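> Go ahead and model the full structure; you've got the sequences and the hints to work with.
Taken in sequence, the protein lines are chains X and D.
The numbering of the first sequence is the numbering used here, which starts it at 1 and goes up by one.
The numbering of the second sequence is the numbering used here, which starts it at 1 and goes up by one.
Read the hints as simulated data drawn from the structure, not as lab findings.
All values derive from a computational prediction rather than experimental measurement.
Hints may be right or wrong, so weigh each one.
What the hints assert, rightly or not - Listed below are several chain D residues computed to face chain X (Cβ distance under 7 Å; list not exhaustive): (1) T20; (2) A22; (3) T23; (4) M25; (5) R54; (6) V55; (7) S57; (8) P58; (9) S59; (10) E87.
C-beta: ideal position from N, C-alpha, C; glycine also.
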Amino acid sequence: MVARLTLDQVIPVRIQARQPDGVIKQPWNAGYMKAPTRIVSVDDIDFLREMETQDEATIDLTQVRLIRPVGIVAILAAIERRSRLSTAKIVHFLAPSSETVKAYMLHTGMFDVMREFGDFEGLQPEAQILDMPPLHPMVKCAHFTTEYDIEQLVARMQDEFQASLRHYATLAPACQLFLSELATNVVYHAQSNGGYVLAQLRSDPVSRPVVEIAVADCGIGIRESLKENPDHAAIENDGQALQHSITEGVSRLRDPYRGYGFHHITNNIKEPRNRTMTIRSGTSALIMTGGVISLAAPRAIAYNGTLVSVTIPC
Amino acid sequence: MLANDRTRQAVFSLAGISSTFATRMKGQEAAALLIEHIASVRPALIIVNWEGVRVASPSFIDEFIANIEDKRVAEPNTVVFTNAEPEIAELLEVITRRRNYPALIGNPP
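Below is the structure:
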């Protein structure tokens, strides 16, 4: 069961689809966010920056040729963040012009989640799924707000592993760990209206299959969350907060038995060493590949919330 | 979910609740059920059977142990965690050690 936004939070989300003559209507408002051609990492979401400052906003995905789960959940979290602003009115959504990308987004269930935000016009999902990309959604795009939702998502993933993903059953414990702990962090610490998740198995003829799990929220971010614990009040920047967050026993809560969620996750990223986790919160991003941890150079634009992406080669 | 015999041994089978346990909420629920069932039995040995449990997150395990620890379920009783999948048994080892919880972990011979 996914909770709906209350009435005063609802905003119309309109898909402005391609017109019959093939021309995309240009938006008239100033909050125009044009997505890059590839949205495949936490570094590619800076285009969402205008979401908070305009009465009306447009997310233009027309030029997108490749989008990964991290991009899908980041867009959903950004729309929700806007829906919480009192001045928010309309988000116009320009669907990708690429039929393949549009089919992919439909297949992930992204548009079903977007319907929670309000009116949704201009796209006929049933008519669009023509050329399906080589992927298998393990958990379709979902909005979760409670632990009950998380239990359902994990059970759904377990069903997929038992039904159509038996060949990859050895990955199930790790995938379920990532999903449950990342989503639990959102519910307990983000101070948001839950978060968004998408997990998929992607395979194509030229590379080995890979599991991708992405979780996003539009909450207070890791730095502000940790600073609620007096022990971590001296944290100076987002990068320092991200490094603290994966340290054993570090938590928003002053409880000696808390702060192990990310620790368990990082242990499962370290071995096997080909797994990768990226965390973006505020202006910083932490990248963990196997046992190697690095901090990306601070971005000029802050991501308001937390965005985590995990990749697991099969 | 629970079976008793004359030696005052209680077997609590988690699979009777679910095969997946992902959250602290579920940890509280499972511990509450365990405590409710042993309240009238007062067994000397409590066997928590994990057979059939496919998913048990660290958050679930930590909350489950924290709650049965809080109710002093193991005093003066003995708690045994048995038949856990290898990944779950590993988490049980880590979390019981962290909490210094006196449970035995292993499978029947």
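> Now tell me, hint by hint, if it's right for this structure.
Now for the hints, and whether the structure bears them out:
no.: 1; hint: T20; in the structure: 5 Å, holds
no.: 2; hint: A22; in the structure: 4 Å, holds
no.: 3; hint: T23; in the structure: 4 Å, holds
no.: 4; hint: M25; in the structure: 4 Å, holds
no.: 5; hint: R54; in the structure: 6 Å, holds
no.: 6; hint: V55; in the structure: 5 Å, holds
no.: 7; hint: S57; in the structure: 4 Å, holds
no.: 8; hint: P58; in the structure: 5 Å, holds
no.: 9; hint: S59; in the structure: 5 Å, holds
no.: 10; hint: E87; in the structure: 4 Å, holds
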